[in-house]
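Chains as they are written, first to last, in numbering that gives the first Met the number 0: chain S, 0 to 472; chain V, 0 to 509.
If you are wondering where the hints come from, they were derived from the structure by calculation, not from laboratory data.
It is possible that some hints are incorrect.
[Claimed, not checked] Taking CB as the label site, the calculated pair distances span: (1) Ala15/S / Ile1/V: 42 to 52 Å; (2) Val457/S / Ser103/V: 56 to 66 Å; (3) Gly199/V / Val457/S: 52 to 62 Å; (4) Lys468/S / Ile457/V: 54 to 64 Å; (5) Ser103/V / Lys468/S: 16 to 26 Å; (6) Gln47/V / Val408/S: 42 to 52 Å; (7) Ser103/V / Gly313/S: 51 to 61 Å.
All C-beta atoms in this analysis are idealised placements derived from N, C-alpha and C, irrespective of residue type, glycine included.
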Amino acid sequence: MTGTDFYSLTPFLILAMAPIIIMIVISTKRNYDIVYGFTVLSFIAAIASIFYILPVIPHSIEPLFIMDKYSLFFLGIIFISALLVTFFSYDYLKQLDGIREEYYIILFTSTLGASLLAVANHFILFFLGIETLTLSLYILIAFEKSKGSSIEAGIKYLVLASVSSAFLLFGMGIIYVTFGTMQFNGIVIAMNNLVNLPPLFIYGFGMLLVGIGFKLALVPFHMWTPDVYQGAPAPVSSYIATVSKGAVLAVFIRFFYTIRGFENSSIFIVISGIAILSMFVGNLLAVQQKNIKRLLAYSSIANMGYLIIILLTGTDKGIQSAIFYLITYFITTIGAFGVISLLSTKEIEAEKIEDYKGLFWKKPWLAAVLTLFLLSLAGIPITAGFIAKFYLIYEGMKAGLMVLIFSMVINSVIGLYYYLRVITTMFSKSNNLELPGVSILGKLTLAIITIGILLLGVYPGWLIDFITKNALL
Amino acid sequence: MILVYLILILLSGAFLAWVSGNFGPVWPRIISLITLGTGLLLLVLNMQSVQFDKKWLIDIQYDWIPQFGIGLHFALDGLSLLMVLLTFFLGFISILISWKEINSKAGFFHFNLLLILAGIVGVFLSLDLFLFYFFWELMLVPMYFLIGIWGHENRTKASYKFFLYTQASGLLMFISIIALYFVHGNSTGIYTFDYIQLLGTQMQASTAMFIMSGFLAAFLVKLPVVPLHNWLPDAHSEAPTAGSLILAALLLKTGAYGLLRFIVPLFPEASVTFAPIGMALGVIGILYGAKLAFAQTDLKRLIAYTSVSHMGFVILGIFSFNELAYQGVVMQMIAHGISTGALFIMAGQLSERIHTRDITKMGGLWENTPFMGTIGLIFSMASLGLPGLGNFIAELLILIGAFKANIWMACLASVGLIAATLYSLRIMQKVFFGKETTNWKMNDLNLREKMVSVSLVIIIFSLGLFPQPVFNIARPALIKTLESHTEKTMQIKESKKSRIDLKSKLFFDN
C-alpha cells in the first residue's frame with residue numbers, strides 16, 4: 000500500500016476512528032451531549048475529507064477499491080444524509096431511558112459499510128460493505144428496547160437480510176465460476192470475448208438481483224419493508240430509506256453499467272417488470288395504510304421502482320437524473336421522518352395518521368413543512384420533487400421507455416391520493432392531543448431542508464450542473 | 000419586467016399575508032387588497048404606454064434551467080392582457096366578499112388565495128411550455144386547500160376529486176409537452192421548451208394527434224367538457240364563496256386560454272381534424288349542462304352546471320376557427336367570469352344570511368332584500384343572454400361564427416339559449432319570487448357588498464353596450480392565433496365542397 004492509497008482512504012479512516020474514540024469516551028465518562036457533538040463533528044470532517052482527497056482521484060487500489068468522481072459523489076450523498084439523520088436523532092434519543100450513546104457508534108459503522116459500497120469495484124468489497132451495513136442496521140432497528148415492535152422489526156430484518164445475503168453470495172459465486180474473476184472490470188473483459196452471455200451468468204445475475212432487490216425493497220422482495228420501517232425508531236427508518244438504499248444503488252448502478260446489463264434483452268425485461276411491479280404494488284398498498292411510517296415505507300418501494308427505470312436508459316445522463324432524484328428523495332424522506340421523530344415521545348411514536356389530525360391548527364409551521372415534504376414526494380411544482388420527477392421522465396422519454404414512463408405517470412396520481420390523505424388529515428379539525436415541544440435544533444434542521452427543497456424546486460440549475468460535471472461513472 | 004413583478008408581487012403578498020395572520024385576521028385582508036390593488040394599478044399604468052398593434056405587447060426572456068432549454072419567457076398580448084386584468088379585478092373582489100366569511104386561519108386563507116392568483120397570472124403570461132406547466136400545477140395545491148379547509152360539508156371529497164382530476168390530466172399534458180420537445184429537438188436540433196420556437200414544428204399527423212390529445216386532456220378537464228366535468232359541481236358547490244368565484248371565473252378560463260394559446264397554433268392540422276368532435280362536445284356540454292342545471296336544488300350546484308353549459312359555447316367557438324367566433328369566445332370568457340362570479344357571490348351572501356343553499360327552502364326573498372334581488376335579476380338575465388349584457392354579445396358571436404363552420408352544430412347550440420332561459424328564470428322564481436316558505440329574517444346587502452355587486456353590474460353592462468374596446472384589444476392576438484389556420488381550414492373546406500358549405504357561403508356573401 001502506498002502513501003497515496005492511505006491518503007485517498009481518509010474518509011474511511013475518519014469513519015473508522017470515530018466509533019473507537021466514542022467507545023473510549025464512553026468508558027471514561029458517559030455524556031450524551033459530548034458524544035453527540037463529536038458525532039456531528041466527525042461527520043462534518045468526513046464530508047470535508049472528500050474535498051481533501053479530490054486531488055488524487057481517480058485512483059484505484061487494486062483490486063478492491065475504485066475512487067472516482069462517481070464514488071466521491073455518492074460518498075458525499077451518504078455522509079450528508081447520515082449527518083441529517085444524526086440531527087434528528089438528537090431529540091429522539093435524548094428522551095429515551097438507558098444507554099443512548101452507543102447508537103452513534105453503530106451509526107458510524109453502518110455509514111462505513113455504506114460508504115464502502117460506493118467505492119467497491121470487487122465482489123468482496125461489495126459483500127463486506129453490505130454486511131457491515133446490515134449488521135449495524137440490526138442493532139439500530141432494535142435499538143429502542145422498550146418498544147416491543149422495535150425488537151420484532153430487528154429480528155425480522157435479521158432473518159430476511161441473512162437470506163438475501165445468502166442469495167447475493169450465491170450469485171457472486173456463480174459469476175465467479177463463470178468468469179473466474181470477482182472484479183467488475185475483469186468480468187467485463189471476460190464478457191467481451193463472448194458472443195452470447197452464458198446461461199450460468201444470467202442465473203448468477205438473477206441471484207444477485209434477488210439480494211439487491213431485497214436491500215432496495217423492490218417488489219417481490221419488499222415484504223420486510225413496512226414492518227421494519229414501522230418498528231424501527233423514526234430516525235433509523237429514515238436511515239434505511241436513504242443511506243442504506245443509496246449505497247446499494249451506488250454499487251448496483253456501477254456494476255450494472257460496467258457489465259452493460261441494459262443491452263441484454265432478458266435482463267432488460269426482468270428489470271422493467273420489477274420496476275412496474277414495484278411502482279404499482281408500492282403505491283396501491285400505500286393507499287390503505289393507517290400508519291404514516293408504513294405509508295412512507297410503501298412509498299419508498301414505489302420510488303425505488305421509478306428509480307430503476309433509469310438503469311435501462313444506459314446513458315450517463317440517465318444516471319445523473321437518478322442521482323438528482325436520489326438527492327431530492329433523500330432530503331425529503333429524511334425531513335418527513337424528521338417530523339415524525341420530533342413529534343414522537345418516549346411513550347408514543349407519532350406514527351398513526353390519526354395522530355396528525357388537526358396538526359395544522361396546533362403547530363401550523365410544522366404541518367406546513369410536512370405538507371411541503373409530502374407534496375415534494377408527490378412531485379408538485381415549487382418543490383424539488385417536481386424537478387426530480389421531470390428529470391426522470393425526461394431521460395426516460397429520451398431513451399424511449401414509454402411504457403415505463405406511462406406507468407410512472409399513472410402511479411404519480413395514485414401516489415398523490417395517499418399523500419393528500421395525510422395532508423387532509425393534518426388540516427381537518429383537531430382532537431385534543433398533547434404534542435411535545437420541538438427543539439431549536441429540530442426546527443433548524445427542518446428549516447434547512449425546507450429551504451433546500453424550495454430552492455431545488457425553483458432554481459435547480461446549479462445542482463444539475465454540478466451533477467453533470469461531477470457524477471461521471 | 001412588469002410581468003415578472005406582477006407575479007412577484009402576488010407571491011410576496013401571499014407570504015406577507017400568511018405571516019401577518021398572526022396579528023389578527025384583518026391584516027391579511029388588508030395586505031391582500033393592497034397587493035392586488037398595486038398589481039392592477041401597475042398593469043393599467045404600464046398599458047398606457049404600450050402600442051396595441053405589436054404581436055406581443057411585452058416580451059421578456061431569461062434563462063431558468065438552460066440544461067434543458069427551459070427559459071423564463073413571459074409575454075403579454077391582447078388576450079392575456081384581458082385575462083390578467085380579469086384575474087386581478089376578480090381577485091380583488093374575492094378578498095372583499097370573504098371579508099366576513101373567513102375567520103379561522105385568515106392568514107393561510109389569503110396566502111392560498113394569492114398563490115392561486117399568482118398561478119393563474121403565470122399561466123396567462125408564460126410562453127415557455129415548462130414554465131406554463133409549472134404555473135398550471137402551482138394553482139392546484141392552494142385551491143385544494145381552499146376547498147378542503149374552508150369549504151362546506153362535503154369538502155374533503157370535493158377537494159380530492161378536484162385535485163386528482165386536474166393532476167391526472169395535467170400529467171398527461173406534461174408528457175405531451177416533453178414529447179413535443181423531443182419531436183422538435185430531433186427534427187431541428189434545437190432542444191427548447193420555448194413556445195415561439197415550437198410553433199410550426201413539423202410532425203406526422205399521428206404524432207401530432209397523440210401529442211395534442213395530452214394537451215386536450217388537461218384543457219378539456221379544466222374547461223370542463225361533458226364527460227370530464229364530474230369534478231366541477233362538487234368543487235364549485237363545496238368551495239367557500241371566494242373559492243367558487245375563482246374556480247368559475249378564472250380557473251375554468253385557463254382551460255379555454257390553453258386551447259386558444261396552445262392547441263390551435265401548435266397543432267393546426269390535428270386540431271382541424273379534431274374540430275367536429277370538439278364542436279359536438281361543445282354542443283353536448285351546452286345542452287347537458289343546461290338540463291342538469293335545471294334539475295338542481297342546491298343553488299351553488301345549479302350555478303356550477305350553468306358554467307358547464309356556458310363553457311360549451313367556448314369550445315364550440317374555439318373549434319369554429321374564425322375570427323367572429325374567437326371574439327365571441329374571448330367575450331364569453333370575460334362575461335361568464337363576471338356574471339357567474341356574481342351569481343356565486345349572491346349564493347354566498349344568501350347562505351351567509353340563511354345558512355342554506357337549498358332553493359326549495361327559499362322563496363319570496365325579494366321583499367326582504369330588494370337590492371340583492373335586483374342584482375340577482377340582472378345576472379340571471381345576463382346568464383340567459385339578454386341583449387344589452389355582455390353574455391349576449393359573446394354567445395351571439397359564437398353562434399354566428401359556428402354557423403359559418405357547421406350549421407347543424409350552431410342550430411343545436413342555439414337551443415341552449417332557450418334552456419338557459421329556463422334555468423335562469425328558475426333561479427329567480429325559486430329564490431326571490433313565489434311564496435315565502437320559511438320566515439327568513441335577513442338584512443339586505445351592506446355597503447361593502449353593494450359596492451362589489453354594483454361594480455360587477457357596471458362591468459357587465461359596459462361589456463354588453465360597448466364591447467368594441469375588448470374586441471380591439473383581443474383582435475391582433477386572435478388573428479395571430481388563426482394565421483396558421485386560415486389556409487388549412489380553407490383547403491379542407493374546399494376539398495369537401497359539400498352543399499351545406501356552399502349554401503352557407505352564399506348566405507354570408509349576400
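Hint-by-hint comparison with the structure:
1. Between Ala15/S and Ile1/V, the C-beta spacing of about 59 Å breaks the proposed range 42 to 52 Å.
2. A beta carbon spacing of about 30 Å between Val457/S and Ser103/V contradicts the range 56 to 66 Å that was offered as a hint.
3. For Gly199/V and Val457/S, the hinted distance range of 52 to 62 Å is not satisfied, since their beta carbons lie about 31 Å from each other.
4. Distance hint for Lys468/S and Ile457/V: a CB-CB separation of about 59 Å, consistent with the stated range 54 to 64 Å.
5. Distance hint check for Ser103/V and Lys468/S: the Cβ-Cβ separation is about 49 Å, which falls outside the suggested range of 16 to 26 Å.
6. For Gln47/V and Val408/S, the hinted distance range of 42 to 52 Å is satisfied, since their beta carbons lie about 45 Å from each other.
7. For the pair Ser103/V and Gly313/S, the supplied restraint of 51 to 61 Å holds, since their beta-carbon distance comes to about 54 Å.
When the structure is compared with the earlier hints, violations turn up for hints 1, 2, 3, 5 and for no others.
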